[in-house]
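Going down the list, the protein sequences come from chains A and B.
Just so we're on the same page, our numbering is the position in the first sequence counted from 1, plus 6.
Just so we're on the same page, our numbering is the position in the second sequence counted from 1, plus 6.
Heads up, none of these hints are tricks.
Put simply, identical chains are the same to the list, so a pair is met inside one copy or across any two.
List time: in silico DSBU-like cross-link candidates among lysine-lysine, alpha-carbon distance up to 30 Å:
#: 1; residue 1: Lys290; residue 2: Lys65
#: 2; residue 1: Lys258; residue 2: Lys8
#: 3; residue 1: Lys65; residue 2: Lys33
#: 4; residue 1: Lys269; residue 2: Lys396
#: 5; residue 1: Lys269; residue 2: Lys290
#: 6; residue 1: Lys33; residue 2: Lys106
Keep in mind that the hints were calculated from the coordinates and are not lab data.
There are 2 protein chains.
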Amino acid sequence: MKIIDGTIASPLGFSADGLHAGFKKKKLDFGWIVSEVPASVAGVYTTNKVIAAPLLVTKASIQKSQKLQAIVVNSGVANSCTGQQGLDAAYEMQRLTAQKLKIEPDLVGLASTGVIGEQLPMDALKNGLSQILVSGKAEDFAEAILTTDTCTKTCVVTEEFGSELVTMAGVAKGSGMIHPNMATMLAFITCDANISSVTLQKVLSQHVETTFNQITVDGDTSTNDMVLVMANGCQQNEEILPDTEEFEKFSKMLRYLMADLAKKIAKDGEGATKLIEVNVRHAKDERSGRMIAKSVVASSLVKTAIFGQDPNWGRILAAIGYAGADVSVDNIDILIEGIPVMQASSPVAFDSEETRDAMAGELLTLTIDLHDGDSEAQAWGCDLSYDYVKINALYRT
Amino acid sequence: MKIIDGTIASPLGFSADGLHAGFKKKKLDFGWIVSEVPASVAGVYTTNKVIAAPLLVTKASIQKSQKLQAIVVNSGVANSCTGQQGLDAAYEMQRLTAQKLKIEPDLVGLASTGVIGEQLPMDALKNGLSQILVSGKAEDFAEAILTTDTCTKTCVVTEEFGSELVTMAGVAKGSGMIHPNMATMLAFITCDANISSVTLQKVLSQHVETTFNQITVDGDTSTNDMVLVMANGCQQNEEILPDTEEFEKFSKMLRYLMADLAKKIAKDGEGATKLIEVNVRHAKDERSGRMIAKSVVASSLVKTAIFGQDPNWGRILAAIGYAGADVSVDNIDILIEGIPVMQASSPVAFDSEETRDAMAGELLTLTIDLHDGDSEAQAWGCDLSYDYVKINALYRT
Numbered sequence: 007m008k009i010i011d012g013t014i015a016s017p018l019g020f021s022a023d024g025l026h027a028g029f030k031k032k033k034l035d036f037g038w039i040v041s042e043v044p045a046s047v048a049g050v051y052t053t054n055k056v057i058a059a060p061l062l063v064t065k066a067s068i069q070k071s072q073k074l075q076a077i078v079v080n081s082g083v084a085n086s087c088t089g090q091q092g093l094d095a096a097y098e099m100q101r102l103t104a105q106k107l108k109i110e111p112d113l114v115g116l117a118s119t120g121v122i123g124e125q126l127p128m129d130a131l132k133n134g135l136s137q138i139l140v141s142g143k144a145e146d147f148a149e150a151i152l153t154t155d156t157c158t159k160t161c162v163v164t165e166e167f168g169s170e171l172v173t174m175a176g177v178a179k180g181s182g183m184i185h186p187n188m189a190t191m192l193a194f195i196t197c198d199a200n201i202s203s204v205t206l207q208k209v210l211s212q213h214v215e216t217t218f219n220q221i222t223v224d225g226d227t228s229t230n231d232m233v234l235v236m237a238n239g240c241q242q243n244e245e246i247l248p249d250t251e252e253f254e255k256f257s258k259m260l261r262y263l264m265a266d267l268a269k270k271i272a273k274d275g276e277g278a279t280k281l282i283e284v285n286v287r288h289a290k291d292e293r294s295g296r297m298i299a300k301s302v303v304a305s306s307l308v309k310t311a312i313f314g315q316d317p318n319w320g321r322i323l324a325a326i327g328y329a330g331a332d333v334s335v336d337n338i339d340i341l342i343e344g345i346p347v348m349q350a351s352s353p354v355a356f357d358s359e360e361t362r363d364a365m366a367g368e369l370l371t372l373t374i375d376l377h378d379g380d381s382e383a384q385a386w387g388c389d390l391s392y393d394y395v396k397i398n399a400l401y402r403t
Numbered sequence: 007m008k009i010i011d012g013t014i015a016s017p018l019g020f021s022a023d024g025l026h027a028g029f030k031k032k033k034l035d036f037g038w039i040v041s042e043v044p045a046s047v048a049g050v051y052t053t054n055k056v057i058a059a060p061l062l063v064t065k066a067s068i069q070k071s072q073k074l075q076a077i078v079v080n081s082g083v084a085n086s087c088t089g090q091q092g093l094d095a096a097y098e099m100q101r102l103t104a105q106k107l108k109i110e111p112d113l114v115g116l117a118s119t120g121v122i123g124e125q126l127p128m129d130a131l132k133n134g135l136s137q138i139l140v141s142g143k144a145e146d147f148a149e150a151i152l153t154t155d156t157c158t159k160t161c162v163v164t165e166e167f168g169s170e171l172v173t174m175a176g177v178a179k180g181s182g183m184i185h186p187n188m189a190t191m192l193a194f195i196t197c198d199a200n201i202s203s204v205t206l207q208k209v210l211s212q213h214v215e216t217t218f219n220q221i222t223v224d225g226d227t228s229t230n231d232m233v234l235v236m237a238n239g240c241q242q243n244e245e246i247l248p249d250t251e252e253f254e255k256f257s258k259m260l261r262y263l264m265a266d267l268a269k270k271i272a273k274d275g276e277g278a279t280k281l282i283e284v285n286v287r288h289a290k291d292e293r294s295g296r297m298i299a300k301s302v303v304a305s306s307l308v309k310t311a312i313f314g315q316d317p318n319w320g321r322i323l324a325a326i327g328y329a330g331a332d333v334s335v336d337n338i339d340i341l342i343e344g345i346p347v348m349q350a351s352s353p354v355a356f357d358s359e360e361t362r363d364a365m366a367g368e369l370l371t372l373t374i375d376l377h378d379g380d381s382e383a384q385a386w387g388c389d390l391s392y393d394y395v396k397i398n399a400l401y402r403t
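In isolation and in its complexed conformation, chain A is listed as follows:
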């Protein structure tokens, strides 16, 4: 597998673009991805009981068509908690896109991100849709889906499948609340491999547990979260089937890309100054390990301590204890940036100043050895800073 520079349109047969349509004041706020042919598709959606209109429409369409040929996204307005009017607007967004691209409406996926409770401005939408071109400036797509993210988040990898070089590309936008109104995590992944929707969904669902579901910025699950993967088969490789060597290769590619985007989202969490990576070793089972890793990275106390470069292992141990996981808490080692700060669940002497200095970087790694089994797990998050409070306490203006 090779990591390359590229865009969401790097895989064969995809085009993408972004522009300013009028959902926001000035910034790019409307983007699309189009495949030359209907692509196999897989999706995962928010677990929030309150689900935004574009997700309801996309999920229903994918269930019907089992394929997708285009994804249209606006930022600035989330079209969430907007009742029947919002649902009608989402269907109109889908219908108008399909008309423009001369494809079936059920082949169009939708996503919105931004302020909750505001209706989609139809003028901006029509303005955006009128400009859809099948080949565009694909790097602008990554920018058009952002809200208050501070940077675009892209990852592109290639891998040989027989004589074909398959390319897979992903773009994501951040968690954090972004507009001080609503968090949304969106990720779109394109690939030119030949793989069925059923197989694609299997791989996506498997890896989402250990990647996107293992990041947290503030513990608030959005109404708009969604990950969509399209594979259009334009590379004409032999179909990738489950339980084959090719499948494992494909799975590894997708896992790498998802983990990379997840980490980029965590690192760009609102107000964040550091990416925190928690590595849990020797957990009783994988699920317990994941629960513990996520509990630690989600703790407000751990997050503030790391912001303050305080090697406060007591807070880490407390977060392990309340994770709700099946774990024995009598023989735990904790290392901060490789420096042992707790051994066998008891204090050990360590140089506070040296440890503090080691915590100064942009990546902070916590290692937790539970000595309780053979499973491993990871989670990613960010520190909790003054700026998080500032961004989210500001009155909407």
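Please build the complex by placing chain B on the supplied structure of chain A, with the hints as guidance.
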């Protein structure tokens, strides 16, 4: 029921005091409550798997003796994550207290709060224990158990039981992380009523679900949380038995006192500028209602919005949706300080400036009507401010 001024030693037959023993630099850091006679006792303890030594000792002793005659508390050092040495120290603390008071060790309850992972300084402990007097300055007890709480938390009520006037008193210390190392919520309740330990435990366990378990400051469950109730029967009323009118009266008293202390803890959360009260109406059942109320009051986004006086109902709806409760999300009304901001799960027009002004007070009430059943629930918390980050990010010095 009457609410009166008083101390933890207001009920008949109790004495209490607090002093500086040397666990902290200057402030009061050692306190005790002593009953003239062994008292019926009930306790609830942290659900964290990591449990501090004093809790382990107290729980075991209460199981054996079913009575308690004294509670000794130090602040400054939590005696948590201190291994065998910490457990030995806790047993020594219990043994020395018993020796001084000439009672059985199993009649002595212990609590510690403060820094995690540090051993109990035995010199300070012996210094404190040497000064135990059976009658003391009881108001100092409420101060001696504090860490970075900004105020003492006391509540005293009286009620007639036949011809006897029963007094019940409670003292608590705050959640928040206090020393930037460990949160601890402690509450001690004394009463001169005649009631068995079994009956007392029943009432305590029932009310803890709707009071102390419904508050949150930062979602981190401490290793030292504990609530202990002692009833010494000195008022010589007829024994209070379950399923009687007297029992209901006693239950109501205890519930009032527990809710009052819980709210005082929430209000004094680290960095808090406001007490937030969430009232859930028409929930499917009580448990769902409680989960929803607590999810809303625990949301970092709701907390920061309230700090910024932003009537951001979308965040409230999102927190209802991810509460994990059994709830229909299609017909929800939300009121902020009595002003409707969402009706039937759709936006309604409201005056933002007026609402913002209404949010300026020290108490902020959110009302959520689920139109989904007949149950009600409440939860309390505080806003999330710059000072929370400041208090918890500061390097321990």
